[in-house]
Amino acid sequence: MNQEYYDAVVAMEKAGVDAEYLQGWQGGYLVNPEREEQRVTEAYEAGYADGTEKNMDGYKEWIK
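Mapping the sequence shown onto this note's numbering, position 50 (from 1) lands on 50, and the numbers just tick up by one.
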């Protein structure tokens with residue numbers, strides 16, 4: 001198990017981050033393909049970009 005990934009997801013969940021951002025971040029971090037165009041949101045795109053870069057702090061802008 002990747003402890004860095006786990007800790008980041010737990011921190012985001014506890015902070016109440018936007019679910020779309022979290023799903024995007026997880027997909028980007030794990031290098032999954034992006035969603036199809038009609039299902040992409042601004043929060044998802046931001047999360048995907050941060051996840052791809054392994055950015056652990058970008059989520060703070062997406063707390064509900």
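Take the hints with a grain of salt, since some may be wrong.
To be verified - Below 30 Å or equal to it, Euclidean Cα-Cα: the simulated BS3-like pairs (lysine-lysine) are:
1. LYS14 with LYS54
2. LYS64 with LYS54
3. LYS60 with LYS14
4. LYS64 with LYS14
Unchecked claim - Label pairs and their computed distance ranges (CB to CB):
5. GLN38 with LYS14: 12 to 20 Å
6. GLN3 with VAL31: 27 to 35 Å
7. GLN38 with MET1: 30 to 38 Å
Hints were generated in silico from the structure; no laboratory data involved. Remember, it's a predicted structure, so these values are computed and weren't measured experimentally. Backbone N, C-alpha and C fix where the C-beta goes; we use that ideal spot for every residue, glycine too.
Hints, verified against the model:
1. The suggested pairing of LYS14 with LYS54 holds, with an alpha-carbon distance near 19 Å, which does not exceed 30 Å.
2. Of the supplied pair hints, the one linking LYS64 and LYS54 holds, its CA atoms being roughly 21 Å apart against a limit of 30 Å.
3. This hinted pair checks out: LYS60 and LYS14 have alpha carbons roughly 12 Å apart, not beyond 30 Å.
4. As the CA atoms of LYS64 and LYS14 are separated by approximately 11 Å, the hinted pair is consistent with the 30 Å bound.
5. For the pair GLN38 and LYS14, the supplied restraint of 12 to 20 Å is violated, since their beta-carbon distance comes to about 31 Å.
6. With their beta carbons about 18 Å apart, GLN3 and VAL31 fall outside the hinted range of 27 to 35 Å.
7. Between GLN38 and MET1 the beta carbons are some 33 Å apart, a value that agrees with the proposed interval 30 to 38 Å.
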